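Just so you know, the sequences run in chain order B and R. Under my numbering, residues 1 to 345 are what the first sequence spells out, in order. Under my numbering, residues 346 to 690 are what the second sequence spells out, in order.
Think of the hints as simulated: they come from the structure by calculation, not from any bench. Just so you know, not all the hints are guaranteed correct.
A short, non-exhaustive set of chain R residues, derived as facing chain B with CB atoms under 10 Å [said to hold, decoys possible]:
no.: 1; residue: GLY419
no.: 2; residue: PRO456
no.: 3; residue: GLU457
no.: 4; residue: VAL496
no.: 5; residue: THR574
no.: 6; residue: GLY582
no.: 7; residue: LEU592
no.: 8; residue: GLU593
no.: 9; residue: LYS601
no.: 10; residue: ARG612
no.: 11; residue: GLN628
no.: 12; residue: TRP651
Computed from a predicted structure; not experimentally measured. For every residue, glycine included, the Cβ atom is placed at its ideal position computed from N, Cα and C.
There are 2 protein chains.
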Amino acid sequence: MTSTPSSNDVSRRTVLSGLAAVPVLVAPLRLANAQAQTQGAWLQSWNEGPVKASIIEFVARVTTPDGADFVPPGERIAVFDNDGTLWCEQPIYAQVAFASDQIRALAPQHPEWRTKQPFQAVLDQGAEALAAVSQSELLEILAVAHTGITVDAFQKTVLDWITTARHPRFDRPYTDLAYQPMLELLAYLRAHEFKPFIVSGGGIDFMRPWTDKVYGIPPEQAVGSSGKTQFEIGADGKPVLVKLAELEFISDGPGKPAGINRFIGRRPIFAFGNSDGDVPMLQWTTSGPGARFAGIVHHTDAEREWAYDRQSNIGKLNKGLDAAPSNKWAVVDMKNDWKRVFAFQ
Amino acid sequence: MTSTPSSNDVSRRTVLSGLAAVPVLVAPLRLANAQAQTQGAWLQSWNEGPVKASIIEFVARVTTPDGADFVPPGERIAVFDNDGTLWCEQPIYAQVAFASDQIRALAPQHPEWRTKQPFQAVLDQGAEALAAVSQSELLEILAVAHTGITVDAFQKTVLDWITTARHPRFDRPYTDLAYQPMLELLAYLRAHEFKPFIVSGGGIDFMRPWTDKVYGIPPEQAVGSSGKTQFEIGADGKPVLVKLAELEFISDGPGKPAGINRFIGRRPIFAFGNSDGDVPMLQWTTSGPGARFAGIVHHTDAEREWAYDRQSNIGKLNKGLDAAPSNKWAVVDMKNDWKRVFAFQ
Numbered sequence: 001m002t003s004t005p006s007s008n009d010v011s012r013r014t015v016l017s018g019l020a021a022v023p024v025l026v027a028p029l030r031l032a033n034a035q036a037q038t039q040g041a042w043l044q045s046w047n048e049g050p051v052k053a054s055i056i057e058f059v060a061r062v063t064t065p066d067g068a069d070f071v072p073p074g075e076r077i078a079v080f081d082n083d084g085t086l087w088c089e090q091p092i093y094a095q096v097a098f099a100s101d102q103i104r105a106l107a108p109q110h111p112e113w114r115t116k117q118p119f120q121a122v123l124d125q126g127a128e129a130l131a132a133v134s135q136s137e138l139l140e141i142l143a144v145a146h147t148g149i150t151v152d153a154f155q156k157t158v159l160d161w162i163t164t165a166r167h168p169r170f171d172r173p174y175t176d177l178a179y180q181p182m183l184e185l186l187a188y189l190r191a192h193e194f195k196p197f198i199v200s201g202g203g204i205d206f207m208r209p210w211t212d213k214v215y216g217i218p219p220e221q222a223v224g225s226s227g228k229t230q231f232e233i234g235a236d237g238k239p240v241l242v243k244l245a246e247l248e249f250i251s252d253g254p255g256k257p258a259g260i261n262r263f264i265g266r267r268p269i270f271a272f273g274n275s276d277g278d279v280p281m282l283q284w285t286t287s288g289p290g291a292r293f294a295g296i297v298h299h300t301d302a303e304r305e306w307a308y309d310r311q312s313n314i315g316k317l318n319k320g321l322d323a324a325p326s327n328k329w330a331v332v333d334m335k336n337d338w339k340r341v342f343a344f345q
Numbered sequence: 346m347t348s349t350p351s352s353n354d355v356s357r358r359t360v361l362s363g364l365a366a367v368p369v370l371v372a373p374l375r376l377a378n379a380q381a382q383t384q385g386a387w388l389q390s391w392n393e394g395p396v397k398a399s400i401i402e403f404v405a406r407v408t409t410p411d412g413a414d415f416v417p418p419g420e421r422i423a424v425f426d427n428d429g430t431l432w433c434e435q436p437i438y439a440q441v442a443f444a445s446d447q448i449r450a451l452a453p454q455h456p457e458w459r460t461k462q463p464f465q466a467v468l469d470q471g472a473e474a475l476a477a478v479s480q481s482e483l484l485e486i487l488a489v490a491h492t493g494i495t496v497d498a499f500q501k502t503v504l505d506w507i508t509t510a511r512h513p514r515f516d517r518p519y520t521d522l523a524y525q526p527m528l529e530l531l532a533y534l535r536a537h538e539f540k541p542f543i544v545s546g547g548g549i550d551f552m553r554p555w556t557d558k559v560y561g562i563p564p565e566q567a568v569g570s571s572g573k574t575q576f577e578i579g580a581d582g583k584p585v586l587v588k589l590a591e592l593e594f595i596s597d598g599p600g601k602p603a604g605i606n607r608f609i610g611r612r613p614i615f616a617f618g619n620s621d622g623d624v625p626m627l628q629w630t631t632s633g634p635g636a637r638f639a640g641i642v643h644h645t646d647a648e649r650e651w652a653y654d655r656q657s658n659i660g661k662l663n664k665g666l667d668a669a670p671s672n673k674w675a676v677v678d679m680k681n682d683w684k685r686v687f688a689f690q
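Build out the structure end to end from the sequences listed, making use of the hints.
Below you can see the structure in the form of structure tokens.
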């Protein structure tokens with residue numbers, strides 16, 4: 001696992017979360033926070049407004065010792081959707097671009113794909129051919145494409161792709177399209193001894209190789225959809241884990257609370273999503289006892305990113321917008337609540 | 346999740362791991378360790394010998410900055426089997442006793458069990474009727490018995506049972522039968538910024554309610570076999586997760602490396618087991634690059650606990666004993682390597 005980005009890499013994470021990334025310095029940092037906060041050193045890319053205020057107010061409530069809503073650090077579980085919540089999901093999911101590139105790269109070994117859908121369509125039209133497929137269909141395609149390769153080899157494939165592929169609109173690595181305000185939110189929560197998890201409908205093997213470096217979220221705190229693997233002793237006598245074609249778990253919609261229960265085993269107190277696929281996760285989080293926070297990233301900024309919600313094919317946000325007011329979920333108006341969307345802007 | 350034992354409970358964990366349980370004090374503690382170790386303050390229930398020496402030597406190697414085998418704290422993943430490795434698994438798995446008690450408790454609502462195996466046998470003969478069933482058969486029985494109850498209700502059932510049930514031989518709560526030397530090992534590893542996980546063939550929902558309190562291992566660091574759950578909006582409009590009869594994942598034998606890959610996403614550098622079901626986990630751990638440690642608890646102490654290995658129905662250790670020498674796995678001779686087996690002895 002030496003190719004796994006380590007929690008100690010010099011990375012955006014350590015830059016952003018600063019000393020908070022080093023557990024031994026949490027205490028001094030925590031003392032510093034009181035002043036830091038009043039000086040507005042946290043959440044710098046967030047405009048002052050009800051959403052920023054509600055985040056700071058919630059964190060203060062659950063971290064104030066002897067407060068009625070105090071939550072011990074070990075139980076400060078925060079969950080975040082990935083696509084559209086932590087990074088850009090338009091005009092296609094990064095994983096769709098990856099799948100398309102993988103199909104093209106592997107096509108020479110699969111002549112049958114020339115006449116088999118959706119492979120043929122991808123080879124003819126590129127990633128757009130996959131724009132309409134569902135999360136589970138996409139994972140099935142990837143599972144088929146990578147059947148028989150080891151998890152270590154797949155991890156290397158993902159790392160090679162994520163460091164070289166570029167976003168079609170911004171012409172930058174996809175990892176540059178992490179939302180700066182959300183990275184600051186992760187750092188802010190870590191500094192207050194929250195334990196942030198990703199809970200994504202995307203493939204867990206596609207995320208884990210880079211989430212630590214980009215978000216400061218280590219592999220064991222990434223929950224996602226997964227395919228089955230098989231333990232085998234290789235020809236050289238070395239054990240390997242081989243990817244099978246069979247899907248194992250889809251972590252989307254109602255699968256998100258199920259995935260949280262299975263991977264984390266505690267109900268989160270803080271959750272952030274951006275689409276109707278996140279609604280069950282927000283419901284599960286905010287219906288628990290005690291103080292709870294849920295937020296929705298509403299994409300309202302066509303100029304700096306994208307503007308979409310109720311009718312969108314990707315990241316459709318319809319039920320979520322309807323449910324937010326009665327559930328007191330904070331809705332981020334990207335255009336007005338975020339000073340910056342990306343670090344490079 | 347308020348009934349979940351919190352990481353901050355005053356518990357055996359905090360007593361044992363002492364300040365190490367508090368991340369902000371890891372640094373001062375680490376400095377203290379250098380002296381503490383030479384003063385033999387760690388691993389007090391371990392007799393001096395090759396196994397204790399190899400553990401201390403390994404931890405020093407991977408934690409020495411600038412050392413050739415240094416591993417960053419974030420990557421110091423340690424995995425432990427539960428039954429027979431962290432606590433007593435004889436004369437029957439605690440989970441078997443739990444299942445038997447549950448079948449008896451639920452029998453009135455299931456008249457059909459009077460004529461249906463294995464339920465009928467349990468109602469007639471008690472837990473012994475389940476002694477021969479496999480891990481997956483046992484989980485299927487539990488899944489059937491608890492179909493339709495919520496995960497919160499099941500958690501409460503487990504907590505009620507674990508605090509009242511008593512071990513047939515020692516007449517104490519099963520949680521008193523955690524191995525004192527292994528609790529000290531967990532504390533020692535935590536103090537050196539290892540992240541310990543349980544990887545058990547047992548049901549994850551049976552372990553998570555108490556592993557934090559007993560071992561200092563929080564729910565999100567417990568991997569085990571699981572059944573499917575379904576997200577529903579209850580009659581009162583509140584979301585619930587309901588247990589289904591269907592098994593989802595068996596974390597035993599080759600399923601342990603698969604479970605480690607799926608739940609943790611990194612290859613461990615340290616692993617401990619006690620039976621042939623743990624061999625794939627030990628192979629997977631020690632075949633990775635860099636310094637690796639694997640240990641086997643060999644039950645050789647009929648007087649203080651039990652003596653069993655190659656022919657045992659429970660915790661059969663045959664392949665593991667054969668594989669240990671060539672793989673340089675440390676084999677704990679319980680009788681000679683452990684000063685005490687249980688805290689109460």
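Proposed interface contact between R/TRP651 and chain B, which counts if any beta carbon pair is under 10 Å: violated (29 Å)
Satisfaction of the R/LYS601 interface hint, Cβ to chain B closer than 10 Å: With Cβ-Cβ at 8 Å, under 10 Å, it holds.
Status of the R/ARG612 interface restraint (C-beta, 10 Å, chain B): holds (5 Å)
Residue hint R/GLN628, partner chain B, criterion CB-CB below 10 Å: holds (5 Å)
Per-residue hint verdict: R/GLU457, partner chain B, C-beta under 10 Å: It is violated, given that the least Cβ distance between R/GLU457 and chain B is near 28 Å, above 10 Å.
Interface hint outcome for R/THR574 [beta carbon to chain B under 10 Å]: Since chain B brings a Cβ to about 5 Å from R/THR574, closer than 10 Å, the hint holds.
Interface hint compliance - R/GLU593 to chain B, C-beta minimum distance less than 10 Å: Holds. Min distance 8 Å.
Status of the hint placing R/VAL496 at chain B (closest C-beta pair under 10 Å): Holds, because the Cβ-Cβ distance from R/VAL496 to chain B comes to roughly 6 Å (cut-off 10 Å).
Given hint R/GLY582 near chain B, where the shortest CB pair must fall under 10 Å: holds (9 Å)
Chain B contact restraint for R/PRO456 - C-beta distance below 10 Å: violated (31 Å)
Interface hint outcome for R/LEU592 [beta carbon to chain B under 10 Å]: violated (12 Å)
Chain B contact restraint for R/GLY419 - C-beta distance below 10 Å: holds (3 Å)
In summary, the structure is inconsistent with hints 2, 3, 7 and 12 from the numbered list given earlier, while agreeing with the others.
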